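Visitor: Here the protein sequences come in this chain order: S and E.
Taking this note's numbering as reference, the numbering of the first sequence is continuous, increasing by one, and the terminal residue is 320.
Taking this note's numbering as reference, the numbering of the second sequence is continuous, increasing by one, and the terminal residue is 1107.
Accuracy of the hints is not assured; some may be wrong.
[To be verified] In silico EDC-like pairs for lysine to aspartate or glutamate, Cα to Cα no more than 20 Å straight-line: (1) S:92 <-> E:912; (2) S:92 <-> S:108; (3) E:1104 <-> S:220; (4) S:212 <-> S:222; (5) S:314 <-> E:912.
[Claimed, not checked] Covered by chain S, according to a simulated footprint, are these stretches of chain E (three or more residues, beta-carbon under 8 Å): (6) 892 to 903; (7) 920 to 926; (8) 949 to 956; (9) 978 to 985; (10) 988 to 1001; (11) 1012 to 1018; (12) 1021 to 1031.
Treat the hints as calculated values from the structure; they're not laboratory data.
Given the structure is predicted, the values throughout are model-derived calculations rather than measurements.
Virtual Cβ for every residue (Gly too), placed ideally from N, Cα, C.
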Amino acid sequence: MSAVDASPPRKVWQYRTPRARLALWAGWLALVALFVFCWQVMTKDTIWFFVLDAPAQAADIGSRMMPPRWSYLNQLWVPLWDTINIATLGTLLGIIIAVPVAFLAARNTTPSTTLVRPLALLIIVASRSINSLIWALLLVSIIGPGLLAGIIAIGLRSIGFIAKLLYEAIEEIDEGQVDAVKATGASGAQIIDQAIVPQILPAFFGISVFRWDINIRESTILGLVGAGGIGLQLQASLNVLAWPQVTVIFIVILATVVLSEWVSAKVRAAVT
Amino acid sequence: MSAAATLSARERARAWRRPPVLIQSAAWRYTIYIGFLAYLVLASASVEVNIPRIMEGLDRGWRFIEGFLVPDFSSRWTDIRNGLIESLTMTVTSTVVGIIISVPIGIGAARNVAPPAIYLTCRAIIAVSRSFQEVIIAILFVAMFGFGPFAGFVTLSFATIGFLSKLLAEDIEDIDARQVEAVRATGAGWWQVINYAVQPQVMPRLIGLSLYRLDINFRESAVIGIVGAGGIGATLNTAIDRYEYDSAGAILIVIILIVMVSEYASSIIRKRVQ
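Please take these sequences and the hints and turn them into a complete structure.
Guide: The following block contains the structure:
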């Protein structure tokens, strides 16, 4: 026994206490167990032959897609124009409904926190939880296929997004300006116009353009359920397995999405 | 009003006017207004409104609203339950796998920790994953893997990679460089720098983002079922196709409730870790 061993054990610095480490491990273990359980349930009915076959299928589809049928491009300009219109008009519809909802939902402008605010928040949550494709599915069965169903679907989906970000912006304004305008004897509408709107306008434009960008993306697929736009062509081409046309459509969609994202990034950088 | 009326014309011309918030030049402002108006006219002209068809559909719309207010959970309950189980398991597995894949890609796509060649590769992967809608990716994966939740799982994992890696990379690029420098000054290698200087700084946000993506994946899992990738979306599609609006209403209510609960839970967890 040497002298070193007789001395009390050296304490090494550790990031966590033993109990915290144990809790952390238990947490990870629970997560892994959950994952394995979910995996088992999910793949219960999976036919593994198809999964293993996937690389061959991918190669097959790839070879069918490959030379793109460029002549098909000429039939795509009108659907593309429709797609952009669905996104833009849908965004406008969304904005028109979302702005009052946002003012009703913001804590500092709502007329009543017990009655109106929860209602406005419910509208926001309901609109946000349901994807525009589901709205489109419903609307096509209600008002018939076409652009209008797409526009309303995009509009309904946009309400929640725009209203949520806008009401957060309204809640973050500088109350000093509101007090100053109020001190001049301004009415409620004048306070909103002179003190609140100038403060949230940059955020408002940023949010709207951001949503427009997302809507361009979403409107490209609305045609799959019959709500107009380039998705109709995609559905038609997929139904007849015309993969070279599908490639052209994908390229057009990709170009549109990249362009709209660029526009939206530019505008957002300019206003904020 | 009376005060304004007593002002002379010259005084009124000099009275304070609110300056425009965004675009200072009047010419540009009016060009933009007129251009936008012209676009609106053109765009509205391309929308065909079939009034008789809408009138015919209003009755169905009313039945849908009735179905939403008086949902029917019982008659399709087994379908709804199976769809929900598929959606939820798909969400959990795809989020976990997505995170596992996107962490290395996210680190590789951060300019301050990755060499240029790896940076460009990872950014390219992110761009590919982000540029397509989940539904389009789902169409391709359903064609490859066959119908069912497995295709949905692959789709959602793929979509998670683009989202999570991009935000993680941006977060790593924004970290406090002094901590990296301090750890590097102790003679730490690349892995040690990542582990001791980068990871502690981005971990709270990574957890927040992962929870947010869990939310999104559930919402998307309700959609990709429409193109055959399993989940509650397939059930919903069937219900709407059969005009069973009361069952469709029930499914939508279940989706909204789950999204609300998960959003609330994730906001609590995010508040605790940040």
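Visitor: What are the numbers of the hints that this structure violates, sorted from low to high?
Guide: Violated hints (numbers, rising): 2, 5, 8, 10, 11 and 12; every other hint is consistent with the structure.
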